[in-house]
Amino acid sequence: MPFPATLSRRALLARAGCGFGSLALHALLAQESLAEQARGNPLAPRPGHAAPRARAVIWLFMHGGPSAIDLYDPKPTLQKRSGEALNLGTNVGFFASSGKLMPSPFAFRRHGQCRAWVSDVLPGIARHVDDLAFIRSVHVESNNHGPALYEMNTGFARMGFPSTGAWVTYGLGSENQNLPGFVVMTDYRGALEGGPSSWGAGFLPGAYQGTAVSTRGTSPILHLRPPAAVGQDRQRAQLDLVRRLNQQHQELRPGEADLEARLASYELAYRMQLEAPEALDLTKETAATQRLYGIDQKPSEYYGKQLLTARRLIERGVRFVQVFSGGYDDTVRWDAHADVKKNHGDRAAEIDMPVAGLLTDLKQRGLLDSTLVIWGGEFGRLPISQGDRGRDHNRYGFTIWMAGGGIKGGASHGSTDELGWKAAEDPVTVNDIHATILHQLGLDHTKLTYLHQGRRFRLTDVAGEVIQDILANERAGG
Amino acid sequence: MHHHVALLTIAGFLAATAAAPGADLAPTDLEFFETKIRPVLVEHCYRCHSEEAEKAGKLKAGLRLDSRAGLLKGGTSGPALSAGKPADSLLLKALRHEDGLRMPPREKLPAAVIADFTAWIARGAPDPRTGTTVAVAARDPRSHWAFQPLRPITPPPAADPWARNPVDAFILAGQRAQGLTPSPSADRSTLIRRLYFDLIGLPPTPDELTRAETDAAPGWYAALVERLLASPHHGEHWGQHWLDVARYADSSGYSVDTDRPTAYHYRDFVIRALNEDLPFDRFVRFQVAGDQLAPNDPRVLVATGFCTAGPFNTNAPKEKDRYDELDDILATTGQAFLGLTLGCARCHDHKYDPVSQREYYRLAAAFTSSRRAERPLWTAADHAAAEEARLRKINDLPLDADERELLLAELDKQNPRQVELHRKYAALRARPSPPTAHALGDAESRGPGRGFFLERGNPERKKELVTTGFLAVLMRHPDGEQHWLTRAGQPHAIHPRVALADWLTDVEHGAGFLTARVIVNRLWQHHLGEGLVRTPNDFGTQGEPPSHPALLDWLAGQLIAEGWRLKPIHRLIVNSAAYRQATTFDAAKAKLDPDNRFLWRRRPLRLPAESVRDAILAIGGGLDRTPFGPAVQPLIPPEAILPAKFASWKNTSDDGPATWRRSIYLFRKRSVPIPLLQAFDAPDSNSSAGKRPQTTVVPQALTLMNDPTLRKHAGRFADRVLVQAGADQPAQVRLAYRIALARQPRPAELAAALAFLDHADTEALADFCHALILLNEFIYID
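Sequence lines, in order, name chains S and Y. For the record, in the first sequence the residue sitting at position 283 is 308 according to our numbering, with numbers rising by one throughout. For the record, in the second sequence the residue sitting at position 460 is 1217 according to our numbering, with numbers rising by one throughout.
No wet-lab data here; the hints were simulated from the structure. Note that CB positions come from ideal geometry on N, CA and C, so glycine has one too. Hints should not be assumed to be uniformly reliable.
Said to hold, decoys possible - Result set (SDA-like, lysine to any residue): computed pairs, CA atoms no more than 20 Å apart in a straight line:
hint	chain 1	residue 1	chain 2	residue 2
1	Y	K1108	S	G73
2	S	K447	S	A75
3	Y	K1077	S	F120
4	S	K472	Y	K1469
5	Y	K1219	S	E166
6	Y	K865	S	L476
7	Y	K1219	S	T115
8	Y	K1348	S	E276
9	Y	K1075	S	E166
10	S	K472	Y	E864
11	Y	K1469	S	E166
12	Y	K1469	S	R261
13	S	K472	Y	C805
14	Y	K793	S	H477
15	S	K472	Y	K1075
16	Y	K793	S	L476
17	S	K472	Y	T1340
18	Y	K1448	S	E166
Claimed, not checked - Reference listing, derived: stretches of chain Y covered by chain S, where coverage requires no fewer than 3 residues with Cβ under 8 Å from a Cβ of chain S:
hint	region
19	803-815
20	1317-1331
21	1439-1446
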């Protein structure tokens, strides 16, 4: 492969870092500060603060607010007191704060060794409960989609803060320099509320923002192909000329690291053009694997393709992949204002096989141990009815689960009250969730900082505690 | 180990010795130590090399770095430093990881920090910690340099023939203290290209280039500066710098991201103000309180678009959203004008700067009576003229007097003739309605300006009501804030925003001297690549101190003396020899000053994102130079947008000339960033950006290589070359270089280009022209 004659150590390392990072590489890179790295190759892999349990994250984000009490956390009290009118106070729901207690329209069963309850609409996920750790007491600040999405993703219910994926990529770089380090896939039916700030870099350098990858259409990454009039070979010749002229220019300007980094970036871009289509090409997968993800079935085809793509990406060293289920309208996201049974029944059919397939596939490939999988939304849903069959937003208590990457399978942490409204035991904040994600990746959430507007900002602001309960035992031994 | 025990014993005695003040130190030395040296020692060294470490039995190598005595005495390896001799100082070797020494052991400190230590030791390691043990407690933040009034400064004498104006005297003095010398001037074509991009953000056309190159007058350079400062494009380029600071965008952000189709009036105000050289104090006052200062002048009214330019949640806004909005206004006001991070005091007293939480809420109280609104933009005369025009049109209709009467009269549905007339001329029946601008409106024209003090910033924890007030550290009048809030003994006679605006620009008693420092620093930053203060939005104790404090104060003084006009300051800076230097690298000088803080040369500067796009359009001949008006949506490919129903981005297919306006006129929708601009680090408009990060990432390369829109302009560029240069390939290459890079190709470049053109087919010229756009030289300006 043609390459500039004078390569900086950093560029060389970046190039060497195509596979999974070696210790020697880490040791070398450890000598450079994060800020210095960000100026050279911002995505060069680097070690965290401690030995990691996970090296990649796949975050299955259920946009709209999936209902814990209809999926994972059955509440018999709702059966007993069904129809009882209840006023929860002011400003509790997004639309209304009073209604009638409404039992779940779904049947629940216990599963696995851990005997965890799962609703019958998630039969695939139910088979994996012994790999999952349920956090049943999450609460957030906002009960409005946009701010709550920012909060779940950035730790702040406001625009403009770096997302978790951006912080992680800033902290650790990425292990494949030919692909983006942080990839986002959104629902084809529309963006999530609040837009790309949920995967933005905020005040971190732009290199850390999520790259949107589409599994539909002609170009999975923006401008990934040479213009039609140019083509791959002509572009190679063009880049060779550019390289020659750029080198002459640079030789007269030693001490300008940016010029050198830019020389390398064209080569990286060229290699990404070659590698990304392969990474995103699902026809390389067997029919059996495609079936495993539910790609052969209509409702689960789309999410299945996204999750299979996610696996291919993390397999190739991508650090952080976030896959959003749910488009813009109430009826095409987990936003069951009108009808829980219809809404969650439809959504579950879209994601259940893909999620189960992903867990099975990661496990059989030996990737689950090093991949942290997260399932959850921006909030949950209230135990009272909205209209006849719907539920309004509930920011006070809901469930997310984690799996793989050093998480203790079958664990359960925290609880909500008997109605499933508010977190009761061991309430968990978004800061705690973020601290735990970083911890599994070998990052200390109190040390991962960035100086902005005179202050060292953290993903976890001034709070956050690692949820020790859900970590696998061997962690304690170090 | 023995060493350890002995030291421990001494420590008990030493701890009792109080830290003596560094009274004998020059203020600049003290400043240097306190901002550059002490924080690094505290953060990275004290854990193992301090009294505390010693008490905990964790002292390493018997070395204490928490006092001057400790440094000089050293540890097991000998004295840590030799004052004035960086080369002989172990401390520096350890920091550089030389001779087997590695401190801090786990990570090398940034090169800039090591350079600070080198400079510090070179200047004799001035250290106020004359006691043998030292409290870590900071000094009184009120004594911080930025809060001191401007000092009257006389430029140092500059006998050196290199110097062209007083700016250079300061630069030379700084270099001399470091053992540095300046670089000679760049050549003429380099200077011309530099000035064009710096002053108007566009490349010179070949004709403009020829004119400047062939001007035989000795004053050709100054004359070019004047032409460019007078260009209508000057405000378009420098306006973008200010819009970054003002976190300007054309939509509301948050979930719904409602468009603000009338926000552009503020953008146009900024461009006009800079073009017309509106005095900066008035520029500030208009942005904070233009609606109160000149309620009948639409051109001033729209300036409060500054306050309303930030993100605001329009989806069922709650009380918290209102407080977030106030915080956005206050945080931006603080950073933009004062270079202070006031936002830090929302939940608690500022941790580092003298800004209390109470002061935060008293400042916020100046805005509590004001709301974002669509403000009508007609004066009374405009209204009258519009009404007159309407009546004239009615008079011109082929109607008799009766019919006209009927047309203007209230509708009587029983009268079929009148019904018919009203239907036919409905458009003329409507009273003309004025255009509006997204700006600040106000229910009250005066009053105390009241707001709640919120415990921990929480709207659900309202404490007492507070009235408008300003920062004590920046008030030097015995009456305090009443000096600005009261007129003729009448309290609340003045609108609190007017009082705030007055305080911000009051040099004698208020914050005006700081406002002046902050803006001249911004000008310097964009001209030279880095500010004299490298943290343009933070002049507080956590920001960096100025590299040339006297120059900063002198420039601020000049600004005020020039009636706050910015163009004289631009003129001073770009006419200096410091600005005109070549980019020539010098390894020996780079070792002394790796970051070029003392400006011993010029560094190539990358074009801002907007100029990258504008330059590509310009060289292709497609750039539409029409100024002002509603923002234009460029084509964004659908795969780069989240679906249109939500994003409401109207243009996903039209890449026609109507969209080839300068980038400052493009529609900035917060949820739909323009891919090219975003890739090249344009800020996200969610908070004030005094300085853009400069990243080199793959999406930049992919965009420049593959974006069909850019390829189209490369093709237009090639057509232009072909038309003007004909079929002669060397002539094509020479012209293309002149258009894209404002210079002639060197022989090696010409040869490489000709080999490329020979080799390829009919599209080869387009490929070549496209390649010039990909060059570093295209976007890094010498």
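Okay, the hints, checked on the actual structure:
1. Of the supplied pair hints, the one linking K1108 of chain Y and G73 of chain S is violated, its CA atoms being roughly 28 Å apart against a limit of 20 Å.
2. Restraint check for K447 of chain S and A75 of chain S: not satisfied, since their Cα atoms lie roughly 35 Å apart, outside the 20 Å limit.
3. Taken as a hint, the K1077 of chain Y and F120 of chain S pair is honoured in the structure, with Cα atoms around 17 Å apart against an allowance of 20 Å.
4. Distance hint between K472 of chain S and K1469 of chain Y is unfulfilled; the C-alpha atoms sit about 47 Å from each other, more than 20 Å.
5. For the hint linking K1219 of chain Y to E166 of chain S, the alpha-carbon distance of about 18 Å falls within 20 Å, and the restraint holds.
6. Between K865 of chain Y and L476 of chain S the CA atoms are separated by roughly 18 Å; this keeps the pair inside 20 Å, and the hint holds.
7. At most 20 Å may separate the alpha-carbon atoms for a hinted pair to count; K1219 of chain Y and T115 of chain S meet this at roughly 18 Å.
8. For the hint linking K1348 of chain Y to E276 of chain S, the alpha-carbon distance of about 18 Å falls within 20 Å, and the restraint holds.
9. Using a Cα cut-off of 20 Å, the hinted pair K1075 of chain Y and E166 of chain S holds, with the two alpha carbons roughly 13 Å apart.
10. The hinted pair formed by K472 of chain S and E864 of chain Y meets the criterion: a straight-line CA distance of about 14 Å does not exceed 20 Å.
11. The hinted pair formed by K1469 of chain Y and E166 of chain S fails the criterion: a straight-line CA distance of about 48 Å is larger than 20 Å.
12. Restraint check: the Cα-Cα separation between K1469 of chain Y and R261 of chain S comes to about 19 Å, which is no more than 20 Å; the hinted pair holds.
13. At most 20 Å may separate the alpha-carbon atoms for a hinted pair to count; K472 of chain S and C805 of chain Y meet this at roughly 19 Å.
14. Between K793 of chain Y and H477 of chain S the CA atoms are separated by roughly 18 Å; this keeps the pair inside 20 Å, and the hint holds.
15. Between K472 of chain S and K1075 of chain Y the CA atoms are separated by roughly 34 Å; this puts the pair beyond 20 Å, and the hint is violated.
16. With a C-alpha separation of about 16 Å, the suggested pairing of K793 of chain Y with L476 of chain S holds against the 20 Å cut-off.
17. For the given pair, K472 of chain S sits about 38 Å from T1340 of chain Y by alpha-carbon distance, which is inconsistent with the 20 Å threshold.
18. At roughly 32 Å between alpha-carbon atoms, K1448 of chain Y and E166 of chain S are farther apart than 20 Å, so this suggested pair is violated.
19. Under a criterion of three residues with beta carbons nearer than 8 Å to beta carbons of chain S, the stated coverage of the region 803-815 of chain Y fails, only 0 such residues being counted.
20. Only residues whose beta carbon comes within less than 8 Å of a beta carbon in chain S count, and the region 1317-1331 of chain Y has 0; fewer than three means the coverage is violated.
21. Using a Cβ-Cβ cut-off of 8 Å, 3 residues of the region 1439-1446 of chain Y lie near chain S, which meets the minimum of three, so the contact claim holds.
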